[in-house]
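Visitor: One line per chain: the protein sequences are A and B, in this order.
Each residue of the first sequence is one higher than the last, beginning at 1 in this note's numbering.
Each residue of the second sequence is one higher than the last, beginning at 1 in this note's numbering.
Treat the hints with caution; some may be incorrect.
[Claimed, not checked] List of simulated lysine-lysine pairs, DSS-like, C-alpha gap at most 25 Å:
id	chain 1	residue 1	chain 2	residue 2
1	B	K1	A	K104
2	A	K54	B	K57
3	A	K54	A	K104
[As the list claims (entries may be wrong)] Selected chain B positions facing chain A (Cβ under 8 Å, derived; list incomplete):
id	residue
4	Q54
5	S86
6	L88
[Stated by the list, open to error] If you want the ones that stay clear, here's a sample from chain A, every Cβ over 12 Å from chain B, calculated:
id	residue
7	Q14
8	T20
9	N30
10	N31
11	I44
12	T53
13	Q55
14	R58
15	E90
16	T92
17	T101
18	N111
Just so you know, these hints were derived from the structure itself, not from any lab.
Keep in mind it's a predicted model, so treat the numbers as computed, not measured.
Just so it is clear, CB atoms sit at the ideal spot from N, CA and C, and this is done for glycine as well.
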Amino acid sequence: GIQVEQSPPDLILQEGANSTLRCNFSDSVNNLQWFHQNPWGQLINLFYIPSGTKQNGRLSATTVATERYSLLYISSSQTTDSGVYFCAVERTGGGSNYKLTFGKGTLLTVNP
Amino acid sequence: KAGVTQTPRYLIKTRGQQVTLSCSPISGHRSVSWYQQTPGQGLQFLFEYFSETQRNKGNFPGRFSGRQFSNSRSEMNVSTLELGDSALYLCASSLEDRDSYEQYFGPGTRLTVT
Chain A
1 GIQVEQSPPD LILQEGANST LRCNFSDSVN NLQWFHQNPW GQLINLFYIP
51 SGTKQNGRLS ATTVATERYS LLYISSSQTT DSGVYFCAVE RTGGGSNYKL
101 TFGKGTLLTV NP
Chain B
1 KAGVTQTPRY LIKTRGQQVT LSCSPISGHR SVSWYQQTPG QGLQFLFEYF
51 SETQRNKGNF PGRFSGRQFS NSRSEMNVST LELGDSALYL CASSLEDRDS
101 YEQYFGPGTR LTVT
């Protein structure tokens, strides 16, 4: 199946700092999503971005499908940004035994 | 529009019992997928249902099964529970429109097997 690698696994920031999270994947995809998992376990949709660039407030994301990676940018981080960020992909072409394949996540801690 | 709902939110069962979890997708969504999250294995795909048919299945034993009803609501069942089945079970729905495969997740059911 498709492989998804996220880096870094852990990231500690001071409030106000910027950060970049990376997601590498091993095959062409028709779906790439970034999620933030809240302390109660719910996955909050951040971006649906199989290609291109999107921005939503302090967050933005870029996916370069031809090079098989995606980046999530967090600017002016706040303590409420803390948590685990997941990248998940669905391989193009169907016939796969998997819907979304998730990376292991990046644990972000923002200190005041 | 209401989001994906899952019931129950928390469940405690004893080894050897069986359990049924329920998921109601976003209105109009026909695809429902189930995922298991554990600290050791992370988030893993269980199965997907579309128009009452299982369309994809992950690498889980036959003790894990599911079904989808005509109103797109889905249930998953785990028989003969093992301690290792303790996990957060997440359900997701998607519209399956050719322009978007975006999935939306419910709050999850946290299952503890003792």
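Visitor: All the hints need checking, so say for each whether the structure fits it.
Guide: Hints and how they fare:
In summary, the hint linking K1 (chain B) to K104 (chain A) is not supported, as the alpha carbons are separated by about 31 Å, beyond the 25 Å threshold. For the given pair, K54 (chain A) sits about 31 Å from K57 (chain B) by alpha-carbon distance, which is inconsistent with the 25 Å threshold. For a cut-off of 25 Å, the pair hint linking K54 (chain A) to K104 (chain A) stands: about 23 Å separates their Cα positions. Annotation: interface hint on Q54 (chain B) violated; nearest CB of chain A at approximately 11 Å, more than 8 Å.
Against a cut-off of 8 Å between C-beta atoms, the interface hint on S86 (chain B) is violated, since the closest Cβ of chain A lies about 13 Å away. At a threshold of 8 Å, the smallest CB-CB gap from L88 (chain B) to chain A is about 5 Å, leaving the interface hint in force. For Q14 (chain A), the shortest C-beta to C-beta distance to chain B comes to about 28 Å, beyond the 12 Å cut-off, and the non-interface label holds. With a closest Cβ-Cβ approach of about 22 Å to chain B, T20 (chain A) is found to remain outside the 12 Å limit, as its non-interface label requires.
The beta carbon of N30 (chain A) sits about 6 Å from the closest Cβ of chain B, which is not more than 12 Å, so the claim that it is off the interface is violated. With a least beta-carbon separation of about 4 Å from chain B, N31 (chain A) fails to lie farther than 12 Å from that chain, contradicting its non-interface assignment. With a least CB separation of 8 Å from chain B, I44 (chain A) falls inside the 12 Å interface cut-off, contrary to its annotation. With 12 Å as the threshold on Cβ separation, the claim that T53 (chain A) sits away from chain B holds: the shortest Cβ distance comes to roughly 17 Å.
The non-interface label for Q55 (chain A) is consistent with chain B: the shortest C-beta to C-beta separation is roughly 17 Å, beyond 12 Å. Against chain B, the non-interface label of R58 (chain A) holds: every CB pair exceeds 12 Å, the least being about 21 Å. Not every CB of chain B lies more than 12 Å from the CB of E90 (chain A), the least distance being 6 Å, so the non-interface label is violated. Distance check on T92 (chain A): its Cβ comes as close as 10 Å (rounded) to a Cβ of chain B, failing to clear the 12 Å threshold; non-interface status is violated.
Listed as outside the interface, T101 (chain A) is inconsistent with that label: its C-beta sits roughly 7 Å from the nearest C-beta of chain B, within the 12 Å cut-off. Non-interface call for N111 (chain A) relative to chain B: holds, since the shortest CB-CB distance, roughly 24 Å, exceeds 12 Å.
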